[in-house]
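Colleague: What follows is the residue order along each chain.
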Amino acid sequence: MDYDYIDRLLERYWKCETSLKEESELRTFFSKSDMPKRFLPYKDLFVYQQIQKTVGLGSDFDVRVLSKIEPPVVKAKRLTMFVRIKPFLRAAAAVALIVLCGNITERSYFADDKLDYNYKDYKDTFHDPEVAYKKVSSALMMLSEEIKKSKSQHFPDSLYQNDLDSVCTK
Amino acid sequence: MRHVLFIYFVTFSFLFVSAQDFVSRFMASHHSDSKLTCITISPKMMNEILELNENVDTTILGMISNLKSMQMLSSNVAAVRYYNDALSLVNKSVGVYEPYFSINNTYENGQIMIRKRFGAIVELIMFSCKSRRFFVINFTGSMNIEFINRLSVLLHQKCS
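Residue numbers (our numbering), protein chains in the order written: chain A, 5 to 174; chain B, 4 to 163.
These aren't lab readings, by the way, just hints derived from the structure by calculation. We treat Cβ as the ideally placed atom computed from N, Cα and C, and that holds for glycine. Fair warning: there could be bad hints in the mix.
Some chain B residues near chain A, calculated using beta-carbon distances under 10 Å [as the list claims (entries may be wrong)]: (1) Asp24; (2) Lys47; (3) Ile52; (4) Asn58; (5) Val59; (6) Asn79; (7) Val80; (8) Val83; (9) Val97; (10) Met129; (11) Phe138.
Could you build the full structure based on these sequences and the hints that come with them?
Modeller: Quick look at the structure:
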């Protein structure tokens, strides 16, 4: 083996002056196991290049890449009317449940007392019950008169009203 | 947890809200109006009235026993404006008051309305605009149709 020739080729290789054929010769030389020690440091480089020539993308490369970049195929699903309005039904059921709970609680809370007024802010205008009695009774009379008038307006021909009027005008 | 708290709050929210009678609500928007005169008879005074023995009509006293409070509002000016305010307040309170009787003629406009709760009449309101005078009578208590029927013949009984 002409090791001087290999030395010259190496020198030219480092200067990037070798042809493709000469580089192929170098790789063939370094693929052998038997060589002088001074060439061993360069062996890995040329073996690496030899190995990398055989490394490719593989037959499944296209499939793998396309599966990553293509959008997933979504199959159309037929939605029934029930499925469509299901969220609204759920919301309505929740509201109904709350209203029902509130109503039941309220009824049980005010079971004995139907009045829900806050009388704390009431300040009596009169401090004498007799004066207050007169005011309440006059208010009741006014209300009675208004109801009577209203009834006579709605039922002008009723005998009841004629009877009332005749009694009141006596 | 938040959902449970929300449901709990909504369920018991009625406890924090007390109702106001019609006159109180009307006065809330007219509280600085000096042209309106308001008379209030509280539940405490109603109880004192029921304890009266002399110079009282037993029929009227019987009717008062159904009542818890009374508020009366009157004004001798701007009657039509106040009447319209009262009407709009009723219209705003959707589902609260039911019309019971109404009077509409050349001389007078009036409405009698009730508020029902659990089947009982808890509020009886009359507001009227008559001869340039506006007035509201507002009773609260535990009333029923029979009470109103008795009330309608009260004047008849007194006249006779």
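Colleague: Could you run down the list of hints and mark each one as holding or not?
Modeller: These are the hints, each one checked on the structure:
no.	hint	in the structure
1	Asp24	holds, 6 Å
2	Lys47	holds, 7 Å
3	Ile52	holds, 5 Å
4	Asn58	holds, 7 Å
5	Val59	holds, 6 Å
6	Asn79	violated, 16 Å
7	Val80	violated, 20 Å
8	Val83	violated, 18 Å
9	Val97	violated, 17 Å
10	Met129	holds, 5 Å
11	Phe138	holds, 8 Å
Consistency note: the structure conflicts with the earlier hints numbered 6, 7, 8 and 9.
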